[in-house]
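Visitor: Chains W and E supply the protein sequences, listed in that same order.
Residues in the first sequence are numbered consecutively from 379, following this note's numbering.
Residues in the second sequence are numbered consecutively from 379, following this note's numbering.
Please note that the accuracy of each hint is not assured.
Pairs count within a copy or across copies, as identical chains cannot be separated in the list.
To be verified - Here are the simulated SDA-like pairs of lysine to any residue, each with C-alpha atoms no more than 20 Å apart in a straight line:
#	residue 1	residue 2
1	K486	R679
2	K537	D759
3	K751	R609
4	K486	P506
5	K751	S644
To be clear, the hints were calculated from the coordinates, so they are not data collected in a lab.
2 protein chains.
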Amino acid sequence: MLHYRTRRGSYHDSIVLMQLRVALADLPGIDDAGAVMGTPSNLEILRDGGLLPADLEDLAPDDLLVVVRTENGADEGQGDEAATAALDRVGELLARRRAESDADYRPKSLASALRMLPEARWVMVSVPGRYAAEVAREALERGRNVFLFSDGVPLEEEKALKETAAERGLLVMGPDCGTALVAGTGLGFANRVRRGPVGLVAASGTGLQAVAARVHALGSGISHALGTGGRDLSAEVGGASALRAIELLGRDPATGVLVLISKPPSPEITARMLAELAATAQRAGKPAVVCLLGRELPFRRIGPLRFAGSLSEAAALAVDLAGTNGSLPAPEESPHPGSLRGSLRGLFSGGTLAQEALLGWTALFGPVESNLKAPGSVPWDRSRPATGHRLLDLGDDALTVGRPHPMLEPSLVAERLAEEARDPGVAAVLLDVVLGDGAHPDPAAVLAPAVRQARATHPELEIVAVLIGTDLDPQDLGAQRHRLEEAGARVVDDLPAAQESLYRRCGPDSEPVSHPIDPSALEAPLAAVNVGVESFHEALIAQEAESAHVDWRPPAGGDERLASILRRMSATAAEAS
Amino acid sequence: MLHYRTRRGSYHDSIVLMQLRVALADLPGIDDAGAVMGTPSNLEILRDGGLLPADLEDLAPDDLLVVVRTENGADEGQGDEAATAALDRVGELLARRRAESDADYRPKSLASALRMLPEARWVMVSVPGRYAAEVAREALERGRNVFLFSDGVPLEEEKALKETAAERGLLVMGPDCGTALVAGTGLGFANRVRRGPVGLVAASGTGLQAVAARVHALGSGISHALGTGGRDLSAEVGGASALRAIELLGRDPATGVLVLISKPPSPEITARMLAELAATAQRAGKPAVVCLLGRELPFRRIGPLRFAGSLSEAAALAVDLAGTNGSLPAPEESPHPGSLRGSLRGLFSGGTLAQEALLGWTALFGPVESNLKAPGSVPWDRSRPATGHRLLDLGDDALTVGRPHPMLEPSLVAERLAEEARDPGVAAVLLDVVLGDGAHPDPAAVLAPAVRQARATHPELEIVAVLIGTDLDPQDLGAQRHRLEEAGARVVDDLPAAQESLYRRCGPDSEPVSHPIDPSALEAPLAAVNVGVESFHEALIAQEAESAHVDWRPPAGGDERLASILRRMSATAAEAS
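Chain W on its own, in the form it takes in the complex:
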């Protein structure tokens, strides 16, 4: 049997409601209990379940609805009594909680909270999603960084907020950012960890928590751990917060090792993210660890970047780089990505080597046109010349009709190399040279003149050859290498070495971050204004950070039209002040 009670104009956050629910369900004779705000979506769920009495159809978002179910099989009169007894205690249970945590004056608006705590550099927002962007926007306009815990914020709002933040040198973590650590203080859900040299940037949530906890368990610590929200690394948002957070940690003196954790970013922005991370690492002399769960990268390191396959491995690599005593590591030997500008071209006679190279190129250099497939590759369009990066498997049947396979007779490679050299937009060509029985008896006889000719046509052209062979092969490995090198190719033994070489010469520049984040965002001790879930305020106080909690309610009692009028009035007042 279900029993209802409403309390009009009594807004509570989801955690208070959860605690009320648990307390009610523990009372004698009560089988289960529910407590929700009268939002349209909650009403709809109740209506769909046939659980909404007709007289409650007019509930507003700041009306509280409490439901208790009395035990099955209990005598109906007894059940009614238990329900009434329980519902009569709702006010007391809510008041008890309020008395425990709320001795102080509660500001009713963000503006007054910031007057109470002007040193707050952060505003934590965890109000329901439909109101969250509004609160976050006000915080940015008042010059504060935002930790936006709320989910359900529309994509367009997220983009607009991040644009505003970028213009003002501020950071928006979220929406749907579950966790962060700023200057040793946890925001939202956060493990308590010692401070140390490892700086994290992560989408949000348990990935960041798992790495931070693991770094702590391994004896090191966290400088800051910044969340971006799960949608930040999508093509639409373009990693707006991640790029700025990485750059900020690069300048942060407490951070000695950079770590980026993410589910696979959109292929379009992986390269941009890695370039920013590498550029920041090089500029700052800080090594960087990357874990893109589910995106395979065919090397363990490139330039200053180390790649981890799991969250635990990311933590272990970071601690290893930081040194267990927390001292800063020596800067890496500094490569110079971006010293050659232009496109990369790959000419492969073997499909598997081509595939491995393609997996790396798309991640490091962005979109690559190819007759093979990888995340971020673009189908090869034979009908027009390439303008960007292109990598071809020349052993593909479609290319060898009526011609010998390029391993049998590398003239196809030589012809393509000549073609690439005539394109001044090409910075480097990577090719494979495969020796052994069955292969051409002397590939260098065909390829060395082609390399020499290509270099004559285009003296800046970098030509890297991966030479697959052994000292027992009939072609004479040493002589092949010597002749290719003499002609002007850089000859390497394996693909990771080739990738490193290309990266050092042709790695993408990072575009400079405009209006970088003001470092005050990371200053200790942390002070924040909390709008939304009250327990986040309590957690800040428990961590000896400063916090002011706003006694937030849905604007105009949830009346959207009135809220819109009030918003306009308040904007006018803000301009006037």
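Use these hints to put chain E onto chain W, whose structure you have.
Guide: Coordinates of chain E only, in the frame set by chain W:
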């Protein structure tokens, strides 16, 4: 100006044609040259290019067509003369080549070649694709293993050949298998490498060559390197050859370390492949290295398997495991995958941890139903109970409508755990328990009773909890761990440890390979019959292996109808003999 000449009934393989083309193009006054067999596809290409004179429309597949182009701008009469002189030398150039390599008697059929070289355990087939399956089938029927270099073999033919091989305890490498090393002898394209303890199974081509060359360069060697063809690991073919090759190398006394190299197999068969590799490794006490280029696996090792991200890393791991002096490594501590039978269920409160677990499960255990996505995952169908593996992110907004997030209040996890325990088909449940500020003040108070109850319902149920927390967290990490363990959960610190634990208890059994391959396939010295590209025969001779080359021509001069009649006649004769 183009000049043509035909030689009727004069079949030559593609490498001979390539050499003829190069020789003709080197003659005085000749700008370029072409030499093709009159196959329908070659004729079509010439016709499409407007290069096929009307009087050559009737060419048959064993008719040779030679074309030379005389130099632009040369006097026409001179050009005619040079062309005639060049075309007159075609016979001589072909004969010179024949005289160089062909002092001995050449059998005209596979049957007579096998009579000449009865000890041949292998038949190498590199005739054009449309004829290749026929030759391979005859080889299998005559009890020989097949190295099938030809491409263009239809999928149905590949499946049929591999079924025949399986029934007869034979191996088919290919179609489109470019390379292999058997007992120290290279087949097709192959680098010369010393023999040693590393046994490879690879799709084909340059992946295998790059790893073999690298193993040699690192001072170790190859026992055997078996190709499977690029389509073997597709869902259609199901890894038929790879599974059997792995099992064979497991029994091979010369192989101390197993290595599997592949572009990502179809998600459906990745788990089957890894299970076979792990079972073989455990049975034989041989460690195994896996490189699935482009398929991210969120651990570096699991049971006896080590995972490499690049071809070079696979080689380095294998050499490391083998020991640089080639001695066999000590067997791994033996886990017992498959000791628990049944489904796995994952209950996660965090999306990133859930994603990492899902990436591992789909690879190790096969299809997994989930509300997240990974290669090999299946969308969660809420409308019916799960029958196989299922992993849920319980923090998903769709599951928390009107309920607190499971990190705030783990009762949702507890309820699901009770549900899983009522399903006797479930072998193990993996859940995450996340501590820290913001999270539930005492998750063990909710979860430990749920674990105890679940174990009471289903005493065989393995419950693994990943506990994310630190010794500074407000919940008391040690006490949380203790209470969960006391209730019967296995508590681990990170996901790789959880995956290892699940794998040891619930790893999939490998299905026994029926009609395993006769070990004579790997016996030295190698003896083979070669049908197709003549230079493969020459390479065998150069490696001091035994080879008989069949003087193969398209059956019935390329007349398909006549060929079909002859085939039926020959089958009748074979049955009679």
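Visitor: All hints, please: hold or fail.
Guide: We went through each hint and held it up to the structure:
| no. | hint | verdict |
| --- | --- | --- |
| 1 | K486 <-> R679 | neither (52 Å within a copy, 55 Å between copies) |
| 2 | K537 <-> D759 | neither (33 Å within a copy, 33 Å between copies) |
| 3 | K751 <-> R609 | between (25 Å within a copy, 16 Å between copies) |
| 4 | K486 <-> P506 | within (17 Å within a copy, 82 Å between copies) |
| 5 | K751 <-> S644 | both (16 Å within a copy, 14 Å between copies) |
Hints 1 and 2, counting from the list given before, are not met by this structure.
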